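Student: Chains A and B are the protein sequences, given in the same order.
In terms of our numbering, the first sequence opens at residue 29 and continues consecutively.
In terms of our numbering, the second sequence opens at residue 437 and continues consecutively.
Incorrect hints may have been included.
Covered by chain B, per the in silico footprint, the following chain A stretches (three or more residues, Cβ under 8 Å) [what the hints assert, rightly or not]:
1) 81-90
2) 104-112
Quick list of simulated restraints, FRET-style, between CB atoms [said to hold, decoys possible]:
3) B:A473 / A:E45: 41 to 49 Å
4) A:E45 / B:L603: 15 to 23 Å
5) B:D534 / A:P317: 53 to 61 Å
6) A:A53 / B:Q508: 49 to 57 Å
7) A:G73 / B:L943: 26 to 34 Å
8) A:R252 / B:R592: 55 to 63 Å
9) A:P317 / B:G1034: 45 to 53 Å
10) A:D265 / B:G1051: 53 to 61 Å
11) B:V982 / A:A53: 24 to 32 Å
It should be emphasised that the hints constitute simulated quantities derived from the structure, not laboratory data.
Note that the structure is predicted; figures quoted are calculated from it, not measured.
The C-beta atom is built at its ideal place from N, Cα and C for all residues, glycine as well.
Each chain, written out:
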Amino acid sequence: MAARALPHLPWRKPRIESGPVRLTARRLYILPTKAGLVFGLLLLGLLVGAMNYGVSLAYLFTFWFAGLAVVGMLHTQRNLSGLVLRAGAAPPVFAGETAAFSLHVDNPGGPARHGVALHHPLGRGEARDIPAGATGTLELRLPQVRRGWHAPGRFSLFSTFPLGLFRCWCVLELDWGVLVYPAPAADALPFPLAETDQGDDPAPRIEGAEFAGLRGYQPGDPPRRIAWKAVARGGRDLVTKQFAGGSLHGLWLDWRLAPERDTEARLSRLTRWVLDAHAAGLAFGLRLPNREIPLQAGGAHLRTCLEALAREGAA
Amino acid sequence: MTSNPFRQRLWVVVPLVLVLAPYASRLPLWLSLAWLACAGLSLYAASGRRPALGRAGKLLLTLGGVAAVPLQYGTVIGPAGGVALLIFLSGAKLLELDAARDRMGLLFVGVFLLVAHFLDAQQLATAAYMVLAALGLVAGLVASHAPLAGEAAAPRRALVLAGQMLLQALPLALLLFLLFPRLHGPLWGLPQQVAGRSGLSEHMAPGDISQLILSDELAFRAEFSGARPDSRQLYWRGPVLWDYDGRAWHGATPASASPPDAVAEGRPLRYAVTLEPHQQRWLFLLGLPSRLPDTPRGTLGSDLQWLAAEPVRERLRYELESYPEYRLEPRLEAAPRTRALALPPGTDPRARELARSWRRAAPDDAAIVGQALDLFRRQSFAYTLNPPLLGDSAVDDFLFASRRGFCEHFASAFVFLMRAAGVPARVVTGYQGGELNRFGDYWIVRGRDAHAWAEVWLENRGWVRVDPTTAAVPGRAERGVGAALPASEGPAGMRVLEGAWLRPLRLGWDLVNTRWNQWVLGYNRERQRQFLASLNPLLASLQGMVTALTVAAGATVLLLSLRLLKRQPLRQDRISRAYARFCRRLAKLGLERNPAEGAESFAQRAARARPDLAGKIRAITGLYVALRYGPAQFSDAHRLETAVRTFRPPRRAR
């Protein structure tokens, strides 16, 4: 019965929620902050002083500040009450990078809200204001170490506005997550040759492909592919050399062709190759132990491949 | 929306300046200057023109100040030194204000200093000023606490919010103030004594009271219920002086602490006196009290001197019923008789001779009193605040040479003459008259109303009050000292304030202050019990107070939270409402939106039908679609509403 009445107690495992979450008094907790405790001690000291010296105005102002703390507490709760939270998209990242989870916070009514922030054991978001009748976006930046689909788990949304004496928060676990691609291998090895040649010549040379032109540098391009001469000639931005497909049969990036032996290292290698191939504008296919993605080129294909790599081995 | 460090510091510096300004007059100049210098340096550094003081500089400054404060005050224990040290440290801390925690800490120090200031000053104006300072502190907390909240950091927003919160906190504060049980006495040692104030004392030398007259300082206020006395009846009795050493009168200790042997006559007066602290034990009263009040505790001597058990260190209110007409000590014992006749040997031969001549001629003591008053009346005695210095024979010099003096000269000479003639007599000091405040119907008695008169003991009548000053200066008792003195000598404050048009203002202000003193400053244990009992007898007990406080405070908080936390209506419907309005406007032109028609296709159809409106139709539809399905924010709803409001299509295309 109690569990039904108060489903959001901090020590209870929160339900994973998917729809918009409206913050009501039932799920908002409030406790004094450290500063609030200090302020309480200060008021106690002032009260003792007022009693000892019998100073009426000291009583009056001490009580006034005490009343202020209580009113401040209500204002702190009001600052969060009634907000509607919607999970936003978290763009995929590579392992080792920081994922930015964005939470859209609607302030459908009432006054402007101030200093609302997210808190997670691994990171804390910046405080934001949400004007009346507007939507704000809070960001939670969490470092991602491993590939795969990761939900951030339980986090809290809190505010100590306006006085900082009380902290009001709610515990949330939303149905959201981020896809983490494997970290690309640090060094760029040449693409593998066709599977038939496996073992004999494991180092086909991309330089054998035909130089096809230059394009703007994109993060992830290997340094050796950067057209340093073009840059030195006075180009301000980095440019990357592009090569037209070395093989008309297409480039097959095969799990078995990766030189590494460790699964994760192989995935990293494949990720590097996938990125390089995409950067070079090549059509490529990907062969994983349980999945084969046919030869193709383009951004959508790249994302499909990266996702397959991220999810490799996951049920 | 990054925070601006200059503004953030300003939000700490300005409230602290407000709190500290009243301290400035009591702080050494160097401390005030050092504090201001720190504040200036802090703001200068925050404005980004120069890096803040280096670590070594800060350390040196702090150590220097911490060493200098005890040197100045001798100690840092106790209110004065401790507060000075705290003020200095708050200044030094201003140089290091980057974390929100530092700013909050300093504002807390501000709260402490604000309340601590009431140990020194509790006037109405001080309180009003401190409300302003409190507003500054709370606004500072709001602003310092939301460094990123660009909107809240705007001064107006922070001030408005702080003001709202203070107002919302006020009912709770007043409830606590009224119902929080007050203690009987201090928990530990009393505050350091306030520097001695001018007032009556147990000695009276020529010139003492004329000094007192110059002071405009309030002695007490008295409020009568029932019969209103005449100002001539208002002889507020204070120290009674028995012993004369040839120059000054002494010995106000009552001859015996036994209750006075007195019979009341006539009808009593009922009044309440609010006595200002004067650091002495006298309590002033009129005539013979029927019964002493429970508080303050004190004893009434046989000579009607009322002494409190302890010096009056805080404002005190007591209510009395007393008889202006009475017969005191109809039979005089030997010991007090001897004391009331004693004179130092050898002084003032001419006065003694005069008194002896009266004794020889007079049939009884009353006739001798008449003779003396006649002397004052007939001879040209001048009433002046600046009498000439008197020689060794003070009474002779006054009576026969200078003939210029103040009430203490008249009383002293009169009692001397009486004793020399064999009539028991003594000097009584206190206050005479006062100023009636007609707005509040009470008397204001100030230092300038201090007076000395005489009492003589007459057979069968007991001690009788004789005021020799009124014999010499008839107007003194009716119109006060200001009227009796020569125009050039009136106390300075009196001359300035006596202007007719200022008088109502001054009296009105005095009334406000009286109520303030009674209801706010004087709200102690007794007053609290009395007031609560008048509301409901149940409230007068500790239990009643605590219960009432809990219930009332709970109800207040509940009401407030209902008001603050009530569910806000959703505003999402604004968008649909605005769009519906837009469709109604188009329908009037014959362009009905088909219920199944999408917003975009409806817009295309409408634009084809009315090419002159196409631009507006597209703009509104675009906004609507963006708000409903796209990336637009709620703030764009306002734009949509405005666009729809200004969309007033003419019936026919031009």
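Student: Compare the structure with each hint and give your call.
Tutor: How the hints compare with the structure:
no.: 1; hint: 81-90; result: holds (count 10)
no.: 2; hint: 104-112; result: holds (count 4)
no.: 3; hint: B:A473 / A:E45: 41 to 49 Å; result: 56 Å, violated
no.: 4; hint: A:E45 / B:L603: 15 to 23 Å; result: 38 Å, violated
no.: 5; hint: B:D534 / A:P317: 53 to 61 Å; result: 55 Å, holds
no.: 6; hint: A:A53 / B:Q508: 49 to 57 Å; result: 54 Å, holds
no.: 7; hint: A:G73 / B:L943: 26 to 34 Å; result: 40 Å, violated
no.: 8; hint: A:R252 / B:R592: 55 to 63 Å; result: 59 Å, holds
no.: 9; hint: A:P317 / B:G1034: 45 to 53 Å; result: 47 Å, holds
no.: 10; hint: A:D265 / B:G1051: 53 to 61 Å; result: 39 Å, violated
no.: 11; hint: B:V982 / A:A53: 24 to 32 Å; result: 28 Å, holds
Going through the hint list in order, the structure does not satisfy hints 3, 4, 7, 10.
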